[in-house]
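Student: Chains C and D supply the protein sequences, listed in that same order.
Each step along the first sequence adds one to the number in the UniProt record's numbering, with nothing skipped, and position 83 is 83.
Each step along the second sequence adds one to the number in the UniProt record's numbering, with nothing skipped, and position 141 is 141.
No wet-lab data here; the hints were simulated from the structure.
Treat each hint with caution, since some may be false.
[To be verified] Here are the computed distance ranges between Cβ atoms for each label pair:
#, chain 1, residue 1, chain 2, residue 2, range
1, C, GLU117, D, GLY372, 47 to 55 Å
2, C, GLN102, D, LYS244, 52 to 60 Å
3, D, GLN375, C, ASN113, 55 to 63 Å
4, D, ARG3, C, GLU81, 48 to 56 Å
5, C, ASP122, D, ASP321, 18 to 26 Å
6, D, THR201, C, GLU117, 24 to 32 Å
7, D, LEU230, C, GLU81, 32 to 40 Å
8, D, ALA227, C, GLN102, 43 to 51 Å
9, D, VAL13, C, ASP60, 24 to 32 Å
[Unchecked claim] Partial selection, computed: residues in chain D whose CB lies under 8 Å from chain C:
#, residue
10, ARG26
11, ALA74
12, LYS79
13, ASP147
14, PRO158
15, ALA207
16, VAL210
17, ARG257
18, GLY259
[As the list claims (entries may be wrong)] Far from chain C, some chain D residues (derived; all Cβ distances over 12 Å):
#, residue
19, PRO5
20, ASP42
21, PHE92
22, ASP204
23, ALA278
A quick note: this is a predicted structure, and the numbers were derived from the prediction, not measured.
All C-beta atoms, glycine included, are put in the ideal place defined by N, C-alpha and C.
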Amino acid sequence: MTGVTDADVFAAFPAVLIDRDNIEHYRGLLQQRLLINRCSSCGYWVYPHRPLCPECWSWDIVPTEVRGEGFVFLCTLIHQERDPDAMLPEPVPAAAVELVEQSGLRYLAPIVNCPREAIRLDMPVRLTWVDRGGLASPAFEPAGPIQSGR
Amino acid sequence: MARNPLKDSLAVVGVGSTPYGRDLKRTELSLALEAAIGAIEDAGIDRQEIDGVCGTGMDPLAMGGSGFLTLQGALGIEKTTWQKNGWLGSCFVYAAEAVFSGLCDTVLVVQAYTRGPGMSRSAANDPFRLRAAQQRMAGQVLTGQSDFARRWIHSGEPYAAWMARYMHDYKATKDAFARIAVNNRTHATRNPRAAMRTPITMEDYHASRVIWEPMQMLDMDVPVDCAEALIITTAERAMDLRHKPVYIHAMSLGGSRVGEYYDNSLGWTDNSLWISLAGLWERSDVTIDDLDLFFPYDGYTIDTVGCIEAAGFCKPGEAGDLLASSWDAEANILRLGGHTLLTTNGGGLSQGRAGGFNFYTEAVRQLRGAEGERQVPDARTALVCPGSSFFHDPASVMLRTD
Numbered sequence: 001m002t003g004v005t006d007a008d009v010f011a012a013f014p015a016v017l018i019d020r021d022n023i024e025h026y027r028g029l030l031q032q033r034l035l036i037n038r039c040s041s042c043g044y045w046v047y048p049h050r051p052l053c054p055e056c057w058s059w060d061i062v063p064t065e066v067r068g069e070g071f072v073f074l075c076t077l078i079h080q081e082r083d084p085d086a087m088l089p090e091p092v093p094a095a096a097v098e099l100v101e102q103s104g105l106r107y108l109a110p111i112v113n114c115p116r117e118a119i120r121l122d123m124p125v126r127l128t129w130v131d132r133g134g135l136a137s138p139a140f141e142p143a144g145p146i147q148s149g150r
Numbered sequence: 001m002a003r004n005p006l007k008d009s010l011a012v013v014g015v016g017s018t019p020y021g022r023d024l025k026r027t028e029l030s031l032a033l034e035a036a037i038g039a040i041e042d043a044g045i046d047r048q049e050i051d052g053v054c055g056t057g058m059d060p061l062a063m064g065g066s067g068f069l070t071l072q073g074a075l076g077i078e079k080t081t082w083q084k085n086g087w088l089g090s091c092f093v094y095a096a097e098a099v100f101s102g103l104c105d106t107v108l109v110v111q112a113y114t115r116g117p118g119m120s121r122s123a124a125n126d127p128f129r130l131r132a133a134q135q136r137m138a139g140q141v142l143t144g145q146s147d148f149a150r151r152w153i154h155s156g157e158p159y160a161a162w163m164a165r166y167m168h169d170y171k172a173t174k175d176a177f178a179r180i181a182v183n184n185r186t187h188a189t190r191n192p193r194a195a196m197r198t199p200i201t202m203e204d205y206h207a208s209r210v211i212w213e214p215m216q217m218l219d220m221d222v223p224v225d226c227a228e229a230l231i232i233t234t235a236e237r238a239m240d241l242r243h244k245p246v247y248i249h250a251m252s253l254g255g256s257r258v259g260e261y262y263d264n265s266l267g268w269t270d271n272s273l274w275i276s277l278a279g280l281w282e283r284s285d286v287t288i289d290d291l292d293l294f295f296p297y298d299g300y301t302i303d304t305v306g307c308i309e310a311a312g313f314c315k316p317g318e319a320g321d322l323l324a325s326s327w328d329a330e331a332n333i334l335r336l337g338g339h340t341l342l343t344t345n346g347g348g349l350s351q352g353r354a355g356g357f358n359f360y361t362e363a364v365r366q367l368r369g370a371e372g373e374r375q376v377p378d379a380r381t382a383l384v385c386p387g388s389s390f391f392h393d394p395a396s397v398m399l400r401t402d
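Next comes chain C alone, as it looks inside the complex (with noise of 0.2 Å):
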């Protein structure tokens, strides 16, 4: 699974602004591995991916794969994107994914394999990969049973 070159990730992500401070974290989507930065000196991770560890300024940070597994934080049911003509075929569920790694470390995508009407706050989730554009990319579906009724 190496041999992803730069060259290739700027191509599979032609519209992202990749940099050398995320480009690991793409590198790993077309890999199919969640990669957060995380400091090496005080174990915290860096997300948004920026360069410097927030919490004790130390530089050596080195993208980590997460376990893949956290709860729904916040989650909104996008019924209508700004063109109303270029309405959803079915309202997409988009949550800011709480990891289990770290608290208010939070990954924002898209709720799959679960009704949307059983979607919960708190709700315990997985990782999984779900094609988009041709490209397989992060999601999360439910890690217990799903709940039924409001």
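Given chain C, put chain D in place with the hints provided.
Tutor: Frame of chain C, contents of chain D only:
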């Protein structure tokens, strides 16, 4: 003689610099952070003493590169009461006046420059420099990217998500939001400048179209074409002018360490607007009990709930009860604590979307006391919270007359 009240009142106490090179293979942010740390360490101060940040560039969203929002988060500075981006030499002046004015005590100014792809052939062949320039030219330095995980950079959607979180944590119902929408519309029916003047009911609110669940159409401000302007001068000069002066009594901005990824927000009571309102009260002799008019931001009704609670009209999570007990069913408006009127022009929800700037002009008109049948009797104090984003540079301003 020119007025120069800053005389001898300010000093530079720390400096920091990076190496210079044609190709350091680092991001602009990385360079900015190194210089910032250098200056802080040179000054020998704790980073948490810094309460004002001037970042690099002219982007008012202050995102990406080394804008103030990114810098504060990346440096782990917990609270600032003044933020700005600037460039060239003027940013030093902005920062100096901020300290002089008391908006902050210790300001960090950071300016980073990088070699753009238009500056040399080798730079044009560097894919990192090229991508940065392409995004900037497309007006999409950070917003508008195709990565789902970056969808909430300067987005309204997280406000809808926070509305859900608020209802979940505090067992709130949507009636609180409905009352705000109806209050603003009722005031707008009497405002000849307002775009939306047809009265609405709580039922109309609940029946409005869902946009970002649980947020509905009537939770959102109304996009319009408009302009607002005002003139500020010294109190001394104002005494000689034709209108009754409206004094700027106290001001504060607010910044937290969230940065530009809004999914990374802090707890309900830790986001920027709470810092802004706390900063305001720390500078104001006018208390909440003296308040005649209150203009809480209403880009979304969840902003208004946040402003009401952050201002201290009730405890966190109790806005629903407060708004229910403050409801004047005869007039279809809110009277907070039985007295304070909210958003007497209709605000963004019903007069129209002006980033909250129409709060300033409405407050000034009411405090002058000459608004005819729209006039709030004896209005002497107004707390204006325009553009009170949870995340970036919310302003809180106390205006008063004698």
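Student: Evaluate each hint against the coordinates.
Tutor: Verification of the hints:
| no. | hint | verdict |
| --- | --- | --- |
| 1 | C:GLU117 / D:GLY372: 47 to 55 Å | holds, 51 Å |
| 2 | C:GLN102 / D:LYS244: 52 to 60 Å | holds, 54 Å |
| 3 | D:GLN375 / C:ASN113: 55 to 63 Å | holds, 58 Å |
| 4 | D:ARG3 / C:GLU81: 48 to 56 Å | holds, 51 Å |
| 5 | C:ASP122 / D:ASP321: 18 to 26 Å | holds, 24 Å |
| 6 | D:THR201 / C:GLU117: 24 to 32 Å | holds, 27 Å |
| 7 | D:LEU230 / C:GLU81: 32 to 40 Å | holds, 35 Å |
| 8 | D:ALA227 / C:GLN102: 43 to 51 Å | holds, 45 Å |
| 9 | D:VAL13 / C:ASP60: 24 to 32 Å | holds, 29 Å |
| 10 | ARG26 | holds, 6 Å |
| 11 | ALA74 | holds, 5 Å |
| 12 | LYS79 | violated, 14 Å |
| 13 | ASP147 | holds, 5 Å |
| 14 | PRO158 | holds, 6 Å |
| 15 | ALA207 | violated, 15 Å |
| 16 | VAL210 | holds, 5 Å |
| 17 | ARG257 | holds, 7 Å |
| 18 | GLY259 | holds, 6 Å |
| 19 | PRO5 | holds, 37 Å |
| 20 | ASP42 | holds, 14 Å |
| 21 | PHE92 | holds, 24 Å |
| 22 | ASP204 | holds, 19 Å |
| 23 | ALA278 | holds, 21 Å |
When held up to the earlier numbered hints, the structure conflicts with 12, 15 and fits the remainder.
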